[in-house]
Amino acid sequence: MKKTALGLLLAIGTLVLSACSATRVAYDNADTMLRFMASSYLDLDATQSDELTPRIVRFHQWHRSNELPVYSALLRSASQRAAEGITVEDVAWGLVNVRSRYRRFAARAAEDAAPVLATLASAQLAALERKFAENNEKYAREFLSSDDKGRRRAQLKRMLGRFREFAGELTPDQESRIERFALAHERHVALRFEDRQRWQRDFVAALTQERKPEELGRHLAEMFTRPEPRRSEEFVREDRRWDEDLGQLIVDLDRSLSAKQRAQVVRRLSDYAEDFAVLAGKRKEAA
1 MKKTALGLLL AIGTLVLSAC SATRVAYDNA DTMLRFMASS YLDLDATQSD ELTPRIVRFH
61 QWHRSNELPV YSALLRSASQ RAAEGITVED VAWGLVNVRS RYRRFAARAA EDAAPVLATL
121 ASAQLAALER KFAENNEKYA REFLSSDDKG RRRAQLKRML GRFREFAGEL TPDQESRIER
181 FALAHERHVA LRFEDRQRWQ RDFVAALTQE RKPEELGRHL AEMFTRPEPR RSEEFVREDR
241 RWDEDLGQLI VDLDRSLSAK QRAQVVRRLS DYAEDFAVLA GKRKEAA
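No gaps in the numbering here: position 45 of the sequence shown is 45 in the numbering used here, and each next residue is one more.
Read the hints as simulated data drawn from the structure, not as lab findings. This structure is a prediction, so every number in the text was calculated from the model and none was measured. Treat the hints with care, since some could be wrong.
[What the hints assert, rightly or not] Below, in silico cross-link-like pairs of lysine to any residue (SDA-like), each with a Cα-Cα straight-line distance of 20 Å or less:
hint, residue 1, residue 2
1, Lys157, Glu175
2, Lys260, Tyr139
3, Lys212, Met223
4, Lys149, Ala184
5, Lys138, Lys149
6, Lys138, Ser122
7, Lys131, Ser40
8, Lys138, Asp112
9, Lys149, Arg177
10, Lys131, Asp195
11, Lys157, Ala190
12, Lys157, Phe181
13, Lys138, Arg196
14, Lys212, Gln124
15, Lys260, Ala83
16, Lys138, Gln155
17, Lys212, Leu44
18, Lys149, Glu165
19, Lys149, Glu186
20, Lys131, Lys212
21, Lys138, Arg198
22, Lys212, Ala109
23, Lys138, Leu156
24, Lys149, Ala190
25, Lys149, Gln124
26, Lys149, Glu137
27, Lys260, Ser270
28, Lys138, Ala154
29, Lys138, Glu194
30, Lys138, Ser176
31, Lys157, Ser176
32, Lys157, Glu142
All chains, please: the whole structure from these sequences, using the hints.
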């Protein structure tokens with residue numbers, strides 16, 4: 001899943017880009033994409049696939065009606081904040097909202113899919129574990145290489161790309177500030193990866209142990225809404241430090257923005273807000 005020109009957007013933009021889609025066309029076809037992803041990860045049989053399809057359609061309708069208006073409002077507020085200049089409090093506001101919307105999204109999806117997930121056979125769970133392992137291997141190879149230069153280059157490239165997506169070209173000074181932040185938080189990247197692997201193990205364990213749909217749905221929803229109890233003390237400590245340093249980075253970058261960069265970020269945020277408002281309105285028209 002995390003501004004001003006560079007930051008608020010990074011938090012809110014991450015949410016809207018990952019939780020649904022950045023374009024109206026893609027979002028309108030999100031249910032098809034979700035079915036494809038589910039089949040890829042879960043290796044569903046025909047009966048399970050038929051059962052999951054209407055659930056995805058209903059989830060998509062719920063998301064359009066209930067979540068998109070909230071995304072639009074958040075993005076409009078982010079645009080106004082970016083126009084005026086970002087504060088540390090603004091960054092904290094963005095992170096809180098991003099995480100809360102993501103957790104709501106994920107918990108609802110898990111509860112809706114639980115009746116199908118509860119029917120997964122051991123061979124399907126094994127296939128899911130293999131898919132997780134493949135993705136983890138790819139991620140580790142790209143972002144956690146033992147080659148220091150290669151690892152740092154990949155991590156910095158990803159972070160710079162996120163900022164450039166909304167602010168356009170960065171100055172050498174802005175890139176240096178972002179690089180210093182990335183270098184100071186290398187351990188955080190590794191801890192996030194460990195936390196992701198731990199969550200995957202807990203997820204598969206829940207699917208193995210809980211065979212009653214309602215209980216499974218509650219269990220999975222809690223995993224998304226209350227992840228903190230499962231996390232290590234080191235992760236919690238480093239995650240808090242990451243939040244604090246990110247806030248300061250964004251404030252510093254905000255002060256260095258050119259008029260062109262600020263205008264681009266404000267416009268990008270406004271455009272997304274409009275896109276989500278239009279997409280939410282389509283549901284009203286169809287009703």
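Task: Which numbered hints fail - done: 2, 6, 8, 18, 20, 25 and 30
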